[in-house]
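Protein sequence lines, in the order shown, are assigned to chains A and P.
The first sequence maps to residues 1 to 372 in UniProt numbering.
The second sequence maps to residues 1 to 372 in UniProt numbering.
Any given hint could turn out to be false.
Any copy will do: because identical chains look the same in the list, a pair fits if it lies in one copy or spans two.
Unchecked claim - Here are the simulated lysine-lysine pairs, DSS-like style, with alpha carbons at most 25 Å apart:
# : residue 1 : residue 2
1 : 82        : 242
2 : 40        : 64
3 : 153       : 100
4 : 288       : 242
What the hints contain is simulated information worked out from the structure, not anything from laboratory work.
Protein chains: 2
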Amino acid sequence: MSTRRHFIRNISLSTLGAYTLMDWKPASALSFFNSDAVLKVALLGLGGYASRVAEAIQQCQRVKITGLISGTPEKLKQWGEKYKVPEKNRYNYQNFDAIKNNPDIDAVYVITPNALHHDQVIRSAKAGKHVICEKPMAISAKEGREMIEACKKAGKQLLVGYRMHFEPLTLEVVRMRSAGELGAIRFFQGLCGFRIGDPTQWRLNKALAGGGSLMDIGIYALNGSRYMVGEEPVWVTAQETKTDPVKFKEGVDETITFQLGFPSGAEASCLSTYNMNNLDRFFLNGDKGFAELQPAAGYGPIRGKTNKGPLDIKNPLPQQTIQMDEMAAILLDNKKPIVPVDGEEALKDLVLIEAIYKAVKTGGQVKLNAER
Amino acid sequence: MSTRRHFIRNISLSTLGAYTLMDWKPASALSFFNSDAVLKVALLGLGGYASRVAEAIQQCQRVKITGLISGTPEKLKQWGEKYKVPEKNRYNYQNFDAIKNNPDIDAVYVITPNALHHDQVIRSAKAGKHVICEKPMAISAKEGREMIEACKKAGKQLLVGYRMHFEPLTLEVVRMRSAGELGAIRFFQGLCGFRIGDPTQWRLNKALAGGGSLMDIGIYALNGSRYMVGEEPVWVTAQETKTDPVKFKEGVDETITFQLGFPSGAEASCLSTYNMNNLDRFFLNGDKGFAELQPAAGYGPIRGKTNKGPLDIKNPLPQQTIQMDEMAAILLDNKKPIVPVDGEEALKDLVLIEAIYKAVKTGGQVKLNAER
């Protein structure tokens, strides 16, 4: 346990000096382990990714699964027994607003199909709980804004499950870039995708997913462009190709390439696909050096190298374990993460996703407002 | 010598079965070493790259430098002594049409700034010599068509200096793709560029270069897209960024990203730049496997890997040595190369370069005619 804590503390402290470009507040950062309070989390949606999160939480220092919300009674029973969540803390989608009166639950982690996030996040906030929501935050920027507003109104925090924002190699590259070690950034590339299986799954259903590969996997390249370059894009262009219109129906993108232009003149060129394996690579190039992560956004281990050699950072913990412990610190101690994970951060991705879909349709460049 | 020959023969024979998609004629391919005739070459333009070519030719089996053409008398003297080219075979840009009457010269290799190729190639053909021309073949498709026409009229062959078309690892990836070992091709990526030095060099002069990085280095990614995917693109989109308008003046592109769409639905996403190092990567992805070359277009050694592991092909010879010996076989024995290197092939790149520049200007997709 002390090794673990020492490891995480080291990530925070060793990178402390570098994040002048970000909203990094040393005082709150140092407060990470001022508290040992445990975040009591209810998982909402007990599917495949929730299983991974639940297992990772077992290694957390400061997070405990105290509630379960599912539409499937057998899952509630199985998961309840496995994770020792008493019956009184198990809910379905009809009655989970009653968590309002349950002091065993501090926060709800929403892990359901994208189109359900909006309603479930707002109901959780109205029930007086912090909310962690899987990415993409919602299926439109309009929904995202409403979710932010609802959480603000309820006086609760909204975080989005950007696990890479806490991944040690990722943060080391962000540190190098922020510290100027790569020089002026010229180019970022994110290639993210996989060949998706079962054609009947919700990810291939426009009504539930809100789109295709870009919503689910391309968002890593998109989001990565922003935190790797360290700027917000001012224009976007995009191209779509579809080789299988039966599997990838209208509104469900199979493959999209997109380019983002940044104020400095840096450019990002990215690929998002549901129809290729052998991808998962980030490449950041500056006029003094480069950094490469490959794999870059998988569940781990992430591997990387720079112009100076391999990135030799050992990480013994699942990404979701680090993510959840850090989120506990954000929610309970007001820690500021190095790369933001709040609703406003996630909304920026939704605005860009809409701009990319628009650019695909118009075939031209879509300019982005500095004001969002 | 026999090891050399054995090596090259193996490249040809082992790949023989696979090139059904290309204009591959076993009969002529097998004729490669039917002849031992030596190609007598005059180098036109004695700059930096010509030095590299001249040195590489020293290891050739079937090529000899027999003529020199330059505007600088001292260079003619130095090179003439170094490569044992007698005074009677040395010419300047005013009098080199007289090679017409010189039986010591079979072919002229034009290695001058891009804007000069058109005139020098046409004069060489009119003088009754085969022509090898450095890439890009010319600064416009119109010029390229005129050069092809002039060589045809003179009954002489026109080849363009695409050295990668003979590079063993490159050819192995082409073979794998042609043989279906990578499955249906979905994506190609070529990242080509370097930080260019001296701002006064001809490559940064629009009048001499005809453009910027795309003409000089981006053409490797562009040309590579075509032979790696094995199709001709039907649309192109492109984006330009410029961070240094003093060094990279109007009409001289610093950085361009471009995308090519192919009939099968495959897409290429490429980068061309004069302002970044740490690039030089080809990545070809199919639904059964991938191939990566990195470096992909440098002077060597090229390194590669596929989904099956490292590409373990040893190549003891400079790329230009293989290129020139193969070009001797093309010109003297009518050998058909695996990837074409003739004027028509080079013209396709010029048409695409113009489409990319047009796409940058219009900001939209430029459709390409099947008919060129």
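Worksheet entry | Structure versus earlier hints, numbers of those that do not hold, lowest first | 1
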